[in-house]
Amino acid sequence: MIGRRFLRQALPFLSLAVVLAAIFFVQPRTMSYFGLNLMLQYAVPIALATIAQMFVITVNDLDLSIGPFVGLVGSIAATLLYDDPVLGMAALLACIAAYGAVGALIHSRNLPSIVVTLGLSFVWLGISVLILPTPGGNAPGWLKWLMAVQIPLVPFPIVAAIIIGGAVQLALMYSSFGVIARGAGGNPRALARAGWSMLWTKVAMYSLAGFFGVLSGLSLLGLTTSADAHVADRYTLYSIAGVILGGGEFIGGRVSPMGAVVGALTLALAGSFLIFLRISPDWQIGAQGAILIVVLALRAAVTLGEARR
Amino acid sequence: MLKKTLACTIALAALMAAGTALADTKDKKIALSNNYAGNSWRQAMLKSWDKVTKKAVADGIVAAADPFTTSQNQVTEQAAQIQNLILQGYNAIVINAASPDALNGVVKQACDAGIVVVSFDGIVTEPCAWRIAVDFKAMGASEVEYLAKKMPDGGNLLEIRGLAGVFVDDEISKGINETAGKYSQFKIVGSVHGDWAQEVAQKAVAGILPSLPEVKAVVTQGGDGYGAAQAFAAAGRPTPLIIMGNRQDELQWWKEQKDKNGYETMSVSIAPGVSTLAFWVAQMILDGKQVPKDLTVPFLRIDQNNLEANLATTEKGGVANVEYSAEDAAKVVAGK
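These protein sequence lines map, in sequence, to chains C and D.
One point on numbering: in my numbering, the residue at position 110 of the first sequence is 110, and numbering is uninterrupted.
One point on numbering: in my numbering, the residue at position 266 of the second sequence is 575, and numbering is uninterrupted.
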């Protein structure tokens, strides 16, 4: 019994290990500090966006605007934050506040989050195009420095992934706030009866999503060094796939922060693996989808076994 | 003087190298990182790359020249792709970039890893990379210059633009309008967006025609000339001089008119084979040649006398193309 439960939780890590082993086999050059650093760099912003998405999925909602939001943060940081740090910071804080307000709106009007966030994705994109009509701008120096930092022995992206995953894991799985937050997704009525404000829980979770979205945008800008409104359009799907791949479920409350980070890394590496195999681009999206389906099928098999007992 | 001598020396060296001593790069690998393959121009571009580089590999000039295309024209995807190419040990990466700025981070990483980066068409601004740019503004200007020579009396012009909000459209249109401003005999009486597609252009022109006085000539951006001709014919108006954009259907129509009534015009666009120019430039840099960081692609212009030759080599539904040889590339580098 413990074996199966353990297996289910270990599945994301196993998938990562399999993809990593396959990459090392196909391209031994990647098995080095330099190789891992290069391959995993772009996984850091994806991991942060996945965590943001995870907060929203925790309260049983779905965020279809995280990709354009990350693009917006990049556009703000490459222009406002670069020219005037105070104004830039204020703008980024306003972005987080906007996310919290969206949470409040969705809760108080009982709106479907998919519709609201889908609409907002165009709003974010519109604002970033207004701020940055053509690709350009500059990343603040400290951001570039941070993303290019070289830690001895272990590549920076791996350290970053462990810190991000670990911190959120602690906060969401082992704190009393985390219990309420997950409960708000799993059984909101019960929690409301127990006297907790669902409104504020949602606002807090959406604000956290906004906060991690901002971190994702900043880290992405640190890597690209200049911004483009469309830079992160794919992140919406990546982040949802990462959460699910990492053991989360759409029923609300059932999430795993460490798993989500691992899921994001797996997705990023799967892309590299397909390029190393020289699979034609027409097949790459399909192949990525196939990897997702295989992992989910495995999980379904494990869960089914669990239920039978 | 010194500059000129230098340029001549480089050209000479490059020419000699092209003929003889290419062996230096025989164990070098070149990759093409392409962001998009969804239209006929890009397909022709990839085909040209394939044709020219396969021969170069077979001749032992380079060890490999593999094309990689991202599926969705996304910056982050292309950045990851380029990082993987760095890891795969390519000596040079030729890029048609999804964004002029947002790939700078990864391009710098490639440069730092000792890799030669050559961008073309969709260029990158990172200073360590080479750029083979297209001067779209000059292309627009060349159309009006041609008309000025052809029609000293001038007249009314109709402008067909491309896809609204795209950099290329702005540049070509700027070139056309600025140059038209210089010649007082021309007056642009109307401007429509044809989206570089025949059907859209035809509809747009048909829509504006009833409100226009006599139109002497139509300035275009490519992919819209045939549609414009159809719209004029359908409206029963005399066919003006329509500048063409090297598409096969445009050249075909021009040929028919020429045979029928001696119709005269010209056709200008960028040859998709520019990818092969980028390939040779990368090869020359790997070979230790001095190549300026900023190069300009020559346009492919078709005139009355070479129409038939170009039409014969253009596939149905395709775009007139030229593939570059090592010698041609050396000439472009030398600025000739």
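In case anyone wonders, no lab produced these hints; they're calculated from the structure.
Predicted model only: the values in this text are computed from it and were never measured.
Take these hints with a grain of salt, some might be off.
Stated by the list, open to error - Derived DEER-like restraints, expressed as beta-carbon distance ranges:
1) C:A190 / D:A473: 20 to 30 Å
2) D:Q494 / C:M89: 38 to 48 Å
3) C:L93 / D:T605: 39 to 49 Å
4) D:M460 / C:P85: 33 to 43 Å
5) D:K335 / C:V18: 51 to 61 Å
6) D:K458 / C:L118: 52 to 62 Å
As the list claims (entries may be wrong) - Derived lysine to any residue pairs resembling SDA-like cross-links, with alpha carbons at most 25 Å apart:
7) D:K417 / C:F156
8) D:K363 / D:G627
9) D:K458 / D:K417
10) D:K338 / C:M31
11) D:K364 / C:S32
12) D:K483 / D:A543
13) D:K338 / C:I279
14) D:K446 / C:L93
15) D:K417 / C:I151
16) D:K458 / D:G431
17) D:K337 / C:S32
18) D:K483 / D:K417
19) D:K417 / C:P112
20) D:K338 / D:E523
21) D:K360 / D:E573
By construction, the Cβ of each residue, glycine as well, lies at the ideal position given by its N, Cα and C atoms.
For each hint, the structure was consulted:
Checked against the hint of 20 to 30 Å, the pair A190 (chain C) and A473 (chain D) fails, with Cβ atoms roughly 54 Å apart. Here the CB-CB span from Q494 (chain D) to M89 (chain C) is close to 57 Å, at odds with the stated 38 to 48 Å. Taken as a hint, the range 39 to 49 Å holds for the pair L93 (chain C) and T605 (chain D), whose Cβ atoms sit roughly 45 Å apart. Separation of M460 (chain D) from P85 (chain C) is about 57 Å and departs from the stated range, judged on CB atoms against 33 to 43 Å.
Range check, K335 (chain D) to V18 (chain C): Cβ separation about 38 Å, and the 51 to 61 Å hint is violated. A hinted range of 52 to 62 Å for the beta carbons of K458 (chain D) and L118 (chain C) is consistent with their spacing of about 54 Å. Between K417 (chain D) and F156 (chain C), the direct Cα distance comes to roughly 18 Å. Compliance with the 25 Å bound is thereby established for this hinted pair. Our distance criterion of 25 Å between C-alpha atoms is met by K363 (chain D) and G627 (chain D), whose separation comes to about 21 Å.
Annotation: proposed proximity of K458 (chain D) to K417 (chain D) is violated, straight-line Cα distance about 46 Å (limit 25 Å). With a C-alpha separation of about 21 Å, the suggested pairing of K338 (chain D) with M31 (chain C) holds against the 25 Å cut-off. Among the hinted pairs, K364 (chain D) with S32 (chain C) is inconsistent with the structure: their alpha-carbon atoms are about 35 Å apart, more than 25 Å. For the proposed pair K483 (chain D) and A543 (chain D), the alpha carbon gap of about 30 Å is over 25 Å, so the pair is violated.
As the CA atoms of K338 (chain D) and I279 (chain C) are separated by approximately 19 Å, the hinted pair is consistent with the 25 Å bound. Our distance criterion of 25 Å between C-alpha atoms is broken by K446 (chain D) and L93 (chain C), whose separation comes to about 42 Å. At roughly 20 Å between alpha-carbon atoms, K417 (chain D) and I151 (chain C) fall within 25 Å of each other, so this suggested pair holds. About 32 Å separates the Cα atoms of K458 (chain D) and G431 (chain D), which puts this hinted pair outside 25 Å; it is violated.
A hinted pair counts as satisfied when its Cα atoms are at most 25 Å apart, and K337 (chain D) with S32 (chain C) qualifies at roughly 22 Å. For the hint pairing K483 (chain D) with K417 (chain D), the CA-to-CA distance comes to about 32 Å; that exceeds 25 Å, so the pair is violated. The straight-line distance between the Cα atoms of K417 (chain D) and P112 (chain C) is roughly 44 Å, outside the 25 Å bound, and the hint therefore fails. Between the alpha carbons of K338 (chain D) and E523 (chain D) the distance comes to roughly 57 Å, so the proposed pair goes past 25 Å and is violated.
A C-alpha spacing of about 33 Å is found between K360 (chain D) and E573 (chain D), which places the hinted pair above 25 Å, so the restraint is violated.
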